[in-house]
Amino acid sequence: MSRKFLSLVTVTFLALALSVTGCGTQPSAPSTPSAPSAPTASGGEIKIGLPLPMTGSEATYGKDMENAIKLAVDEINAKGGVNGKKLTTITGDDACDPQQATAAANKLVSEGVVAIVGGYCSGAVVPTLTIYNEKNLPYIVEAANSSKIATQNPGNTFEINGTAVHQTQKAVELFKKLGATKVALVEQGDAYSSDLANQTEKALKAAGSTVVSHDVTTKGEQDFSSLVTSLKSKNADLVFWTAYYADGALLIKQLRQGGYKGAIVVGDGSSDPKLIQMSGAAGEGIYVLSPPVAEYLPAAKQFADAYKAKYNQAPGAYAPLAYDGINLLADALKRAGGTDGKAVIKALTDTSGFAGLAGKVAFATDKTLKESNFIVLQIKGGKFVLQ
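With our numbering as the guide, the letters of the sequence shown map in order to residues 1 to 387.
Just so you know, these hints were derived from the structure itself, not from any lab. Glycine included, each C-beta is placed from N, C-alpha and C at the ideal position. Warning: the hint list may mix true and false statements.
Unchecked claim - Label pairs and their calculated CB-CB ranges:
| hint | residue 1 | residue 2 | range |
| --- | --- | --- | --- |
| 1 | 130 | 302 | 34 to 40 Å |
| 2 | 314 | 338 | 47 to 53 Å |
| 3 | 301 | 277 | 21 to 27 Å |
Claimed, not checked - With a straight-line cut-off of 20 Å between C-alpha atoms, the simulated SDA-like cross-links for lysine to any residue are:
| hint | residue 1 | residue 2 |
| --- | --- | --- |
| 4 | 70 | 112 |
| 5 | 274 | 259 |
| 6 | 182 | 208 |
| 7 | 135 | 110 |
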(Lines of atoms letter the chains of each structure in order from A; the text may use other names.)
(Lines give C-alpha, C1' and ligand atoms only; values in the text may rest on other atoms or scores of the structure.)
Protein backbone atom coordinates (compact mmCIF):
# COMPACT_ATOMS: atom_id res chain seq x y z
CA MET A 1 0.00 0.00 0.00
CA SER A 2 1.28 3.45 -0.86
CA ARG A 3 1.11 4.97 2.62
CA LYS A 4 3.24 5.12 5.79
CA PHE A 5 1.65 3.57 8.86
CA LEU A 6 3.56 4.26 12.02
CA SER A 7 1.06 3.94 14.83
CA LEU A 8 1.51 1.07 17.22
CA VAL A 9 -2.19 0.28 16.96
CA THR A 10 -1.89 -0.23 13.23
CA VAL A 11 1.21 -2.41 13.50
CA THR A 12 -0.55 -4.59 16.05
CA PHE A 13 -3.58 -4.92 13.79
CA LEU A 14 -1.43 -5.82 10.82
CA ALA A 15 0.26 -8.59 12.74
CA LEU A 16 -3.13 -10.02 13.63
CA ALA A 17 -4.40 -9.72 10.03
CA LEU A 18 -1.33 -11.42 8.60
CA SER A 19 -1.56 -14.29 11.04
CA VAL A 20 -5.13 -14.94 9.84
CA THR A 21 -4.55 -14.59 6.12
CA GLY A 22 -1.50 -16.85 6.25
CA CYS A 23 -3.62 -19.87 7.11
CA GLY A 24 -4.70 -22.26 4.40
CA THR A 25 -8.21 -22.49 5.85
CA GLN A 26 -10.14 -19.79 7.59
CA PRO A 27 -11.12 -20.46 11.21
CA SER A 28 -13.90 -18.58 12.90
CA ALA A 29 -12.93 -14.92 12.87
CA PRO A 30 -11.73 -13.53 16.22
CA SER A 31 -13.17 -10.32 17.54
CA THR A 32 -12.03 -7.48 15.30
CA PRO A 33 -10.20 -4.68 17.12
CA SER A 34 -12.05 -1.38 17.10
CA ALA A 35 -10.89 1.00 14.42
CA PRO A 36 -8.75 3.83 15.80
CA SER A 37 -10.48 7.17 16.22
CA ALA A 38 -10.16 9.53 13.28
CA PRO A 39 -9.10 13.04 14.30
CA THR A 40 -10.52 16.08 12.59
CA ALA A 41 -8.32 18.03 10.21
CA SER A 42 -5.70 20.13 11.92
CA GLY A 43 -3.00 22.47 10.77
CA GLY A 44 -3.02 23.28 7.09
CA GLU A 45 -4.27 20.05 5.50
CA ILE A 46 -7.33 17.87 5.13
CA LYS A 47 -6.54 14.16 4.71
CA ILE A 48 -8.72 12.13 2.36
CA GLY A 49 -8.55 8.31 2.23
CA LEU A 50 -8.65 6.51 -1.12
CA PRO A 51 -9.49 2.78 -0.86
CA LEU A 52 -8.64 1.42 -4.32
CA PRO A 53 -7.26 -1.77 -5.93
CA MET A 54 -3.60 -0.91 -6.53
CA THR A 55 -2.56 -4.55 -6.93
CA GLY A 56 -4.30 -7.56 -8.44
CA SER A 57 -6.23 -7.98 -11.66
CA GLU A 58 -8.18 -4.72 -11.27
CA ALA A 59 -5.17 -2.51 -10.46
CA THR A 60 -5.50 -0.69 -13.78
CA TYR A 61 -8.81 0.76 -12.62
CA GLY A 62 -7.42 1.64 -9.20
CA LYS A 63 -4.46 3.55 -10.62
CA ASP A 64 -6.65 5.36 -13.13
CA MET A 65 -9.05 6.48 -10.41
CA GLU A 66 -6.18 7.53 -8.15
CA ASN A 67 -4.69 9.58 -11.00
CA ALA A 68 -7.99 11.39 -11.61
CA ILE A 69 -8.45 12.14 -7.91
CA LYS A 70 -4.92 13.50 -7.56
CA LEU A 71 -5.40 15.66 -10.65
CA ALA A 72 -8.51 17.17 -9.07
CA VAL A 73 -6.73 17.68 -5.75
CA ASP A 74 -3.92 19.56 -7.49
CA GLU A 75 -6.47 21.80 -9.18
CA ILE A 76 -8.38 22.42 -5.94
CA ASN A 77 -5.22 23.23 -4.02
CA ALA A 78 -3.99 25.55 -6.77
CA LYS A 79 -7.15 27.59 -6.17
CA GLY A 80 -6.53 27.86 -2.43
CA GLY A 81 -7.76 24.49 -1.18
CA VAL A 82 -10.90 24.02 0.90
CA ASN A 83 -11.78 26.36 3.74
CA GLY A 84 -8.20 27.63 3.70
CA LYS A 85 -6.63 24.16 3.92
CA LYS A 86 -4.91 21.97 1.36
CA LEU A 87 -6.30 18.55 0.49
CA THR A 88 -3.94 15.58 0.76
CA THR A 89 -4.67 11.96 -0.13
CA ILE A 90 -3.62 8.63 1.32
CA THR A 91 -4.21 5.58 -0.87
CA GLY A 92 -5.14 2.23 0.67
CA ASP A 93 -4.68 -0.87 -1.50
CA ASP A 94 -7.80 -3.01 -1.04
CA ALA A 95 -6.79 -5.32 -3.95
CA CYS A 96 -10.54 -5.94 -4.47
CA ASP A 97 -10.28 -8.36 -1.56
CA PRO A 98 -12.67 -8.15 1.44
CA GLN A 99 -10.07 -9.04 4.06
CA GLN A 100 -7.42 -6.70 2.70
CA ALA A 101 -10.03 -3.98 2.31
CA THR A 102 -10.93 -4.24 5.99
CA ALA A 103 -7.28 -3.93 7.01
CA ALA A 104 -6.81 -0.98 4.65
CA ALA A 105 -9.90 0.75 6.05
CA ASN A 106 -8.62 0.55 9.62
CA LYS A 107 -5.24 1.88 8.51
CA LEU A 108 -6.80 4.82 6.70
CA VAL A 109 -8.73 5.70 9.84
CA SER A 110 -5.54 5.49 11.92
CA GLU A 111 -3.87 7.94 9.51
CA GLY A 112 -6.37 10.62 10.46
CA VAL A 113 -8.42 10.87 7.27
CA VAL A 114 -11.64 12.84 7.56
CA ALA A 115 -13.44 11.45 4.51
CA ILE A 116 -13.25 8.54 2.07
CA VAL A 117 -13.40 8.70 -1.72
CA GLY A 118 -12.93 5.74 -4.10
CA GLY A 119 -14.26 2.20 -3.97
CA TYR A 120 -14.02 0.13 -7.14
CA CYS A 121 -14.96 -3.46 -6.21
CA SER A 122 -18.24 -3.95 -4.36
CA GLY A 123 -16.81 -6.94 -2.49
CA ALA A 124 -14.15 -4.66 -1.02
CA VAL A 125 -16.55 -1.81 -0.29
CA VAL A 126 -19.34 -3.61 1.57
CA PRO A 127 -17.27 -4.95 4.53
CA THR A 128 -15.79 -1.50 5.19
CA LEU A 129 -19.03 0.48 5.39
CA THR A 130 -19.46 0.16 9.14
CA ILE A 131 -15.76 0.85 9.83
CA TYR A 132 -16.02 4.28 8.25
CA ASN A 133 -19.50 4.95 9.61
CA GLU A 134 -18.40 4.28 13.21
CA LYS A 135 -16.05 7.25 12.86
CA ASN A 136 -18.62 9.43 11.04
CA LEU A 137 -16.47 9.46 7.91
CA PRO A 138 -18.42 10.39 4.78
CA TYR A 139 -17.74 7.88 1.99
CA ILE A 140 -18.26 8.74 -1.68
CA VAL A 141 -18.24 5.47 -3.64
CA GLU A 142 -17.23 6.26 -7.20
CA ALA A 143 -17.41 2.94 -9.05
CA ALA A 144 -18.71 -0.02 -7.00
CA ASN A 145 -22.44 -0.45 -7.51
CA SER A 146 -23.76 -3.68 -5.98
CA SER A 147 -27.22 -3.19 -4.50
CA LYS A 148 -25.73 -4.48 -1.23
CA ILE A 149 -24.03 -1.11 -0.78
CA ALA A 150 -27.39 0.66 -0.69
CA THR A 151 -29.16 -1.99 1.40
CA GLN A 152 -26.30 -2.14 3.94
CA ASN A 153 -25.53 1.59 3.89
CA PRO A 154 -25.32 2.71 7.53
CA GLY A 155 -25.97 6.30 6.49
CA ASN A 156 -22.56 7.74 5.61
CA THR A 157 -22.17 6.36 2.07
CA PHE A 158 -23.04 8.02 -1.25
CA GLU A 159 -22.86 6.31 -4.66
CA ILE A 160 -22.12 8.42 -7.75
CA ASN A 161 -21.98 5.51 -10.20
CA GLY A 162 -25.22 4.04 -11.48
CA THR A 163 -26.33 1.05 -9.42
CA ALA A 164 -26.91 -2.55 -10.47
CA VAL A 165 -30.58 -1.65 -10.84
CA HIS A 166 -29.71 1.21 -13.20
CA GLN A 167 -27.39 -1.04 -15.18
CA THR A 168 -29.96 -3.82 -15.36
CA GLN A 169 -32.49 -1.42 -16.87
CA LYS A 170 -29.97 -0.38 -19.52
CA ALA A 171 -29.04 -4.04 -20.19
CA VAL A 172 -32.63 -5.19 -20.70
CA GLU A 173 -33.20 -2.22 -23.03
CA LEU A 174 -30.18 -3.29 -25.09
CA PHE A 175 -31.19 -6.97 -25.17
CA LYS A 176 -34.62 -5.99 -26.48
CA LYS A 177 -33.04 -3.77 -29.14
CA LEU A 178 -30.84 -6.69 -30.23
CA GLY A 179 -33.85 -9.00 -30.43
CA ALA A 180 -32.49 -11.39 -27.82
CA THR A 181 -35.10 -13.58 -26.14
CA LYS A 182 -32.92 -16.43 -24.81
CA VAL A 183 -30.22 -15.00 -22.56
CA ALA A 184 -27.35 -16.77 -20.78
CA LEU A 185 -25.89 -15.08 -17.69
CA VAL A 186 -22.29 -15.70 -16.59
CA GLU A 187 -20.88 -14.30 -13.33
CA GLN A 188 -18.08 -15.07 -10.86
CA GLY A 189 -19.84 -15.25 -7.50
CA ASP A 190 -18.45 -11.99 -6.10
CA ALA A 191 -20.69 -9.23 -4.76
CA TYR A 192 -20.66 -7.15 -7.93
CA SER A 193 -21.03 -9.74 -10.69
CA SER A 194 -23.49 -11.87 -8.73
CA ASP A 195 -25.72 -8.92 -7.91
CA LEU A 196 -25.76 -7.69 -11.51
CA ALA A 197 -26.55 -11.18 -12.81
CA ASN A 198 -29.32 -11.73 -10.25
CA GLN A 199 -30.89 -8.32 -10.89
CA THR A 200 -30.77 -8.93 -14.64
CA GLU A 201 -32.35 -12.37 -14.31
CA LYS A 202 -35.28 -10.91 -12.36
CA ALA A 203 -35.75 -8.11 -14.87
CA LEU A 204 -35.58 -10.44 -17.87
CA LYS A 205 -38.15 -12.82 -16.42
CA ALA A 206 -40.43 -9.89 -15.60
CA ALA A 207 -40.10 -8.75 -19.22
CA GLY A 208 -41.05 -12.20 -20.52
CA SER A 209 -37.60 -13.19 -21.78
CA THR A 210 -36.09 -16.62 -21.14
CA VAL A 211 -32.94 -17.04 -19.06
CA VAL A 212 -31.54 -20.28 -20.50
CA SER A 213 -28.71 -20.52 -17.97
CA HIS A 214 -27.06 -18.71 -15.07
CA ASP A 215 -23.49 -19.92 -14.65
CA VAL A 216 -20.85 -19.06 -12.05
CA THR A 217 -17.19 -19.30 -13.04
CA THR A 218 -14.07 -19.03 -10.91
CA LYS A 219 -11.84 -15.96 -10.94
CA GLY A 220 -8.72 -16.74 -12.93
CA GLU A 221 -10.31 -19.72 -14.68
CA GLN A 222 -8.48 -20.60 -17.90
CA ASP A 223 -10.64 -23.22 -19.60
CA PHE A 224 -14.23 -22.32 -20.48
CA SER A 225 -14.69 -25.09 -23.05
CA SER A 226 -17.38 -26.95 -21.12
CA LEU A 227 -19.28 -23.70 -20.52
CA VAL A 228 -19.06 -22.81 -24.22
CA THR A 229 -20.44 -26.24 -25.17
CA SER A 230 -23.27 -25.82 -22.68
CA LEU A 231 -24.22 -22.34 -23.90
CA LYS A 232 -24.29 -23.50 -27.52
CA SER A 233 -26.43 -26.52 -26.65
CA LYS A 234 -28.98 -24.25 -24.95
CA ASN A 235 -29.24 -22.06 -28.05
CA ALA A 236 -28.58 -18.85 -26.16
CA ASP A 237 -28.88 -15.93 -28.56
CA LEU A 238 -27.06 -13.60 -26.15
CA VAL A 239 -24.43 -14.11 -23.44
CA PHE A 240 -24.17 -11.48 -20.70
CA TRP A 241 -20.85 -11.50 -18.81
CA THR A 242 -21.27 -9.55 -15.56
CA ALA A 243 -17.73 -9.75 -14.12
CA TYR A 244 -14.38 -8.13 -14.95
CA TYR A 245 -12.43 -7.66 -18.18
CA ALA A 246 -9.40 -9.92 -17.60
CA ASP A 247 -11.43 -13.13 -17.40
CA GLY A 248 -14.13 -11.70 -19.65
CA ALA A 249 -11.69 -11.29 -22.55
CA LEU A 250 -10.67 -14.94 -22.26
CA LEU A 251 -14.30 -16.10 -22.23
CA ILE A 252 -15.03 -13.98 -25.30
CA LYS A 253 -12.11 -15.56 -27.15
CA GLN A 254 -13.17 -19.09 -26.25
CA LEU A 255 -16.81 -18.44 -27.12
CA ARG A 256 -15.84 -17.33 -30.62
CA GLN A 257 -13.22 -20.06 -31.03
CA GLY A 258 -15.85 -22.58 -29.96
CA GLY A 259 -18.23 -21.43 -32.67
CA TYR A 260 -20.68 -19.34 -30.64
CA LYS A 261 -22.30 -16.89 -33.08
CA GLY A 262 -24.71 -15.02 -30.80
CA ALA A 263 -24.41 -11.56 -29.28
CA ILE A 264 -22.09 -10.97 -26.34
CA VAL A 265 -22.62 -8.15 -23.85
CA VAL A 266 -20.39 -7.31 -20.89
CA GLY A 267 -21.11 -5.22 -17.80
CA ASP A 268 -19.30 -2.10 -16.65
CA GLY A 269 -16.67 -4.15 -14.81
CA SER A 270 -15.28 -4.95 -18.26
CA SER A 271 -15.49 -1.43 -19.69
CA ASP A 272 -11.77 -0.93 -20.13
CA PRO A 273 -9.66 -0.56 -23.30
CA LYS A 274 -7.70 -3.61 -22.12
CA LEU A 275 -10.78 -5.68 -22.97
CA ILE A 276 -10.19 -4.75 -26.62
CA GLN A 277 -6.48 -5.58 -26.44
CA MET A 278 -6.96 -8.88 -24.60
CA SER A 279 -9.91 -10.18 -26.63
CA GLY A 280 -8.33 -9.30 -29.98
CA ALA A 281 -10.33 -10.05 -33.11
CA ALA A 282 -12.86 -12.03 -31.05
CA GLY A 283 -13.92 -8.83 -29.32
CA GLU A 284 -15.15 -7.17 -32.50
CA GLY A 285 -18.86 -6.40 -32.18
CA ILE A 286 -19.06 -6.94 -28.41
CA TYR A 287 -21.41 -4.59 -26.56
CA VAL A 288 -20.22 -2.93 -23.35
CA LEU A 289 -22.32 -1.31 -20.64
CA SER A 290 -20.20 1.55 -19.38
CA PRO A 291 -20.08 4.40 -16.91
CA PRO A 292 -19.90 7.84 -18.54
CA VAL A 293 -16.54 7.82 -20.36
CA ALA A 294 -14.64 11.10 -20.79
CA GLU A 295 -14.44 10.71 -24.57
CA TYR A 296 -18.24 10.96 -24.85
CA LEU A 297 -18.79 13.74 -22.30
CA PRO A 298 -18.71 17.29 -23.71
CA ALA A 299 -17.93 18.68 -20.25
CA ALA A 300 -14.91 16.40 -19.87
CA LYS A 301 -12.69 17.69 -22.67
CA GLN A 302 -10.62 20.00 -20.46
CA PHE A 303 -10.29 17.22 -17.88
CA ALA A 304 -9.24 14.68 -20.51
CA ASP A 305 -6.63 17.06 -21.92
CA ALA A 306 -5.23 17.76 -18.45
CA TYR A 307 -5.18 14.05 -17.62
CA LYS A 308 -3.28 13.22 -20.82
CA ALA A 309 -0.81 16.05 -20.19
CA LYS A 310 -0.11 14.87 -16.64
CA TYR A 311 -0.08 11.08 -17.11
CA ASN A 312 0.71 10.66 -20.81
CA GLN A 313 -2.35 8.48 -21.41
CA ALA A 314 -6.08 8.88 -21.87
CA PRO A 315 -8.33 8.69 -18.80
CA GLY A 316 -9.98 5.31 -18.25
CA ALA A 317 -13.64 4.45 -17.80
CA TYR A 318 -13.97 5.50 -14.16
CA ALA A 319 -11.67 8.53 -14.24
CA PRO A 320 -14.53 11.04 -14.76
CA LEU A 321 -16.46 9.64 -11.79
CA ALA A 322 -13.29 9.60 -9.66
CA TYR A 323 -12.69 13.24 -10.57
CA ASP A 324 -16.32 14.11 -9.83
CA GLY A 325 -16.21 12.33 -6.47
CA ILE A 326 -13.36 14.34 -4.99
CA ASN A 327 -14.79 17.59 -6.35
CA LEU A 328 -18.16 16.72 -4.83
CA LEU A 329 -16.46 16.12 -1.49
CA ALA A 330 -14.65 19.47 -1.70
CA ASP A 331 -17.99 21.14 -2.42
CA ALA A 332 -19.60 19.42 0.59
CA LEU A 333 -16.69 20.37 2.87
CA LYS A 334 -17.17 24.00 1.88
CA ARG A 335 -20.92 23.86 2.46
CA ALA A 336 -20.36 22.15 5.82
CA GLY A 337 -17.89 24.85 6.82
CA GLY A 338 -15.37 22.30 8.10
CA THR A 339 -14.54 18.63 8.44
CA ASP A 340 -17.03 17.51 11.08
CA GLY A 341 -18.23 14.17 9.74
CA LYS A 342 -21.91 14.59 10.56
CA ALA A 343 -21.98 18.04 8.99
CA VAL A 344 -20.30 16.82 5.80
CA ILE A 345 -22.66 13.83 5.57
CA LYS A 346 -25.62 16.23 5.87
CA ALA A 347 -24.12 18.48 3.19
CA LEU A 348 -23.75 15.51 0.84
CA THR A 349 -27.30 14.38 1.58
CA ASP A 350 -28.55 17.85 0.68
CA THR A 351 -26.60 17.96 -2.60
CA SER A 352 -28.78 19.23 -5.41
CA GLY A 353 -27.58 19.97 -8.90
CA PHE A 354 -23.84 19.58 -8.34
CA ALA A 355 -22.44 19.79 -11.87
CA GLY A 356 -19.90 17.03 -12.48
CA LEU A 357 -18.29 15.80 -15.67
CA ALA A 358 -20.80 12.94 -15.81
CA GLY A 359 -23.78 15.21 -15.23
CA LYS A 360 -25.66 16.71 -12.33
CA VAL A 361 -25.54 14.85 -9.02
CA ALA A 362 -28.53 14.49 -6.72
CA PHE A 363 -29.20 11.60 -4.37
CA ALA A 364 -32.29 9.47 -3.83
CA THR A 365 -33.35 8.59 -0.29
CA ASP A 366 -31.05 5.54 -0.30
CA LYS A 367 -28.13 7.81 -1.30
CA THR A 368 -27.76 6.36 -4.77
CA LEU A 369 -28.09 8.54 -7.86
CA LYS A 370 -31.59 9.69 -8.69
CA GLU A 371 -30.92 9.07 -12.38
CA SER A 372 -28.83 6.49 -14.25
CA ASN A 373 -25.66 7.60 -16.04
CA PHE A 374 -24.87 4.37 -17.95
CA ILE A 375 -24.06 4.39 -21.67
CA VAL A 376 -23.70 1.59 -24.26
CA LEU A 377 -20.51 1.13 -26.28
CA GLN A 378 -19.63 -1.38 -29.00
CA ILE A 379 -16.19 -2.57 -30.10
CA LYS A 380 -15.81 -1.58 -33.75
CA GLY A 381 -12.54 -1.43 -35.64
CA GLY A 382 -10.56 -2.06 -32.49
CA LYS A 383 -12.06 0.79 -30.48
CA PHE A 384 -15.14 1.65 -28.43
CA VAL A 385 -17.94 3.36 -30.35
CA LEU A 386 -20.90 5.03 -28.63
CA GLN A 387 -24.25 3.44 -29.49
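* Could you tell me which of the numbered hints above are not met by this structure, giving the numbers in increasing order? => Violated: hints 2 and 5.
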